[in-house]
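**Student:** Let the hints inform the model, and build the full structure from the sequences given.
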Amino acid sequence: MARSDVKLIGAWASPFVMRPRIALNLKSVPYEFLQETFGSKSELLLKSNPVHKKIPVLLHGDKPVCESNIIVEYIDDTWSSSGPSMLPSDPYDRAMARFWAAYIDEKWFVALKSFLKAGGEEEKKAVIAQLEEGNAFLEKAFIDCSKGKPFFNGDNIGYLDIALGCFLAWLRVTELAVSHKILDEAKTPSLSKWAENFCNDPAVKPVMPETAKLAEFAKKIFPKPQA
Amino acid sequence: MAERSESEEVKLLGMWASPFSRRIEIALTLKGVSYEFSEEDITNKSSLLLQLNPVYKMIPVLVHNGKPISESLVILEYIDETWRDNPILPQDPYEKAMARFWAKFVDEQIYVTAMKVVGKIGEERDAVVEATRDLLMFLEKELVGKDFFGGRSLGFVDIVATLVAFWLMRTEEIVGVKVVPVEKFPEIHRWVKNLLGNDVIKKCIPPEDEHLQYIRARSCVLSLGFV
Numbered sequence: 001m002a003r004s005d006v007k008l009i010g011a012w013a014s015p016f017v018m019r020p021r022i023a024l025n026l027k028s029v030p031y032e033f034l035q036e037t038f039g040s041k042s043e044l045l046l047k048s049n050p051v052h053k054k055i056p057v058l059l060h061g062d063k064p065v066c067e068s069n070i071i072v073e074y075i076d077d078t079w080s081s082s083g084p085s086m087l088p089s090d091p092y093d094r095a096m097a098r099f100w101a102a103y104i105d106e107k108w109f110v111a112l113k114s115f116l117k118a119g120g121e122e123e124k125k126a127v128i129a130q131l132e133e134g135n136a137f138l139e140k141a142f143i144d145c146s147k148g149k150p151f152f153n154g155d156n157i158g159y160l161d162i163a164l165g166c167f168l169a170w171l172r173v174t175e176l177a178v179s180h181k182i183l184d185e186a187k188t189p190s191l192s193k194w195a196e197n198f199c200n201d202p203a204v205k206p207v208m209p210e211t212a213k214l215a216e217f218a219k220k221i222f223p224k225p226q227a
Numbered sequence: 001m002a003e004r005s006e007s008e009e010v011k012l013l014g015m016w017a018s019p020f021s022r023r024i025e026i027a028l029t030l031k032g033v034s035y036e037f038s039e040e041d042i043t044n045k046s047s048l049l050l051q052l053n054p055v056y057k058m059i060p061v062l063v064h065n066g067k068p069i070s071e072s073l074v075i076l077e078y079i080d081e082t083w084r085d086n087p088i089l090p091q092d093p094y095e096k097a098m099a100r101f102w103a104k105f106v107d108e109q110i111y112v113t114a115m116k117v118v119g120k121i122g123e124e125r126d127a128v129v130e131a132t133r134d135l136l137m138f139l140e141k142e143l144v145g146k147d148f149f150g151g152r153s154l155g156f157v158d159i160v161a162t163l164v165a166f167w168l169m170r171t172e173e174i175v176g177v178k179v180v181p182v183e184k185f186p187e188i189h190r191w192v193k194n195l196l197g198n199d200v201i202k203k204c205i206p207p208e209d210e211h212l213q214y215i216r217a218r219s220c221v222l223s224l225g226f227v
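Line order of the protein sequences matches chains G and E. The first sequence begins at 1 in the UniProt record's numbering and counts up by one. The second sequence begins at 1 in the UniProt record's numbering and counts up by one.
Any given hint could be a false lead.
Claimed, not checked - To be clear about the criterion: a stretch of chain E counts as covered by chain G if any three or more of its residues have a C-beta under 8 Å from a C-beta of chain G, and this derived list gives those stretches:
#, stretch
1, 65 to 74
2, 78 to 84
3, 87 to 96
4, 100 to 108
Since the hints were derived computationally from the structure, they do not count as laboratory data. Beta carbons are placed, not taken as given, at the ideal position from N, Cα and C, and that holds for glycine.
**Tutor:** In structure tokens:
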């Protein structure tokens with residue numbers, strides 16, 4: 001049956017897991033969501049991703065695909081005739097999308113994560129500076145990639161929208177926890193508008209965690225009290 | 001024959017001893033693409049480099065018809081999509097996903113772990129060597145029954161993993177530890193021999209003597225000597 005042919009091992013709170021979920025929604029691919037319990041790893045996960053032992057893992061038939069952005073591209077390649085393409089057709093535009101997706105994981109998200117863990121004022125200031133530089137880069141990248149359309153991928157959300165947008169709920173939770181506006185309409189107007197559009201997309205809404213629920217969860221896994 | 005219009009201009013900002021730069025040269029050479037190479041002094045970066053890669057300020061940067069692309073894995077995919085002769089990535093979506101997975105593994109796991117050996121001695125060094133070997137075992141298993149990671153011929157993972165063959169393995173002499181002993185890694189050793197049988201590889205890797213000299217000169221006691 002089509003439904004059991006595609007499974008996704010993941011967890012509701014993980015932004016990385018959100019990525020393939022949005023992609024599967026965009027392509028109207030039914031799948032079984034196998035939720036991992038926080039704090040433990042299932043046999044299936046360890047067997048399907050022996051290298052990293054991390055979620056998400058897509059199981060297509062019995063073949064596992066790991067690493068969230070790689071899974072998104074796999075979904076785009078496999079169900080190419082269903083729904084719009086998640087990457088632009090031009091090789092240079094595709095390179096830009098991949099470049100910025102890698103930047104988001106290597107630099108931007110690392111900075112966001114460290115904000116929640118940041119101790120003193122000095123540390124916080126340094127992280128804020130990093131995030132502001134990152135946001136400025138992404139604001140410009142959005143203007144370049146979107147070419148006047150609502151999303152990085154143009155008329156519809158795509159690979160890069162998903163790569164960044166998956167962090168929006170965590171971004172809101174962090175803003176609340178540290179009492180600082182990280183995504184500021186005054187500084188990054190285009191990115192802010194994009195964020196609003198992204199969160200309202202029908203492929204995103206069902207899988208975007210509620211801020212309150214996520215904030216509760218964050219308190220559990222980041223025990224250090226903030227602000 | 002690779003098509004080339006009059007206006008097509010390919011330039012690579014790189015560094016002769018960098019595995020990330022050399023992998024781009026391998027890809028371009030495999031595809032028969034002519035390019036202008038610009039050697040960067042990484043201790044004194046040119047204003048051109050800073051202008052073309054403001055985000056990371058690093059080589060390699062490929063410039064095609066005036067448009068810059070950074071990040072070696074992104075550049076490799078761009079090259080494969082732009083010049084279609086001698087494909088580097090497989091066509092099949094699953095095989096493609098696996099190639100991307102292993103390439104990421106080499107750069108984000110093997111390279112990062114192996115680099116930690118820098119400046120370490122004794123037990124600390126041994127721990128890093130052990131960790132590196134555990135990671136290399138995954139690659140060892142991937143090579144069983146194959147001439148190359150790409151199967152019968154060179155592919156994406158082979159090009160990326162030249163980092164292991166001609167950088168990590170070349171530093172063994174300087175590090176004073178056989179990180180990749182043939183008894184433990186017969187497949188990897190067999191694969192290196194296969195690589196050395198390929199004309200493009202032979203042409204594009206740094207000449208051994210100069211390379212070893214460079215690594216020795218750059219390191220105090222233990223260094224993998226890449227940028």
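**Student:** It remains to establish, for every hint, whether it holds in the given structure.
**Tutor:** Verification of the supplied hints:
Proximity of the stretch 65 to 74 of chain E to chain G, defined as three or more residues with a beta carbon under 8 Å from a beta carbon of that chain, is established by the 6 residues found. Under the rule that three or more residues need a Cβ within less than 8 Å of chain G, the assignment of the stretch 78 to 84 of chain E holds, with 3 such residues. Only residues whose beta carbon comes within less than 8 Å of a beta carbon in chain G count, and the stretch 87 to 96 of chain E has 3; three or more means the coverage holds. Restraint check on the stretch 100 to 108 of chain E versus chain G: 4 residues with Cβ-Cβ distances below 8 Å, three needed, restraint holds.
In summary, the structure agrees with every hint in the numbered list given earlier.
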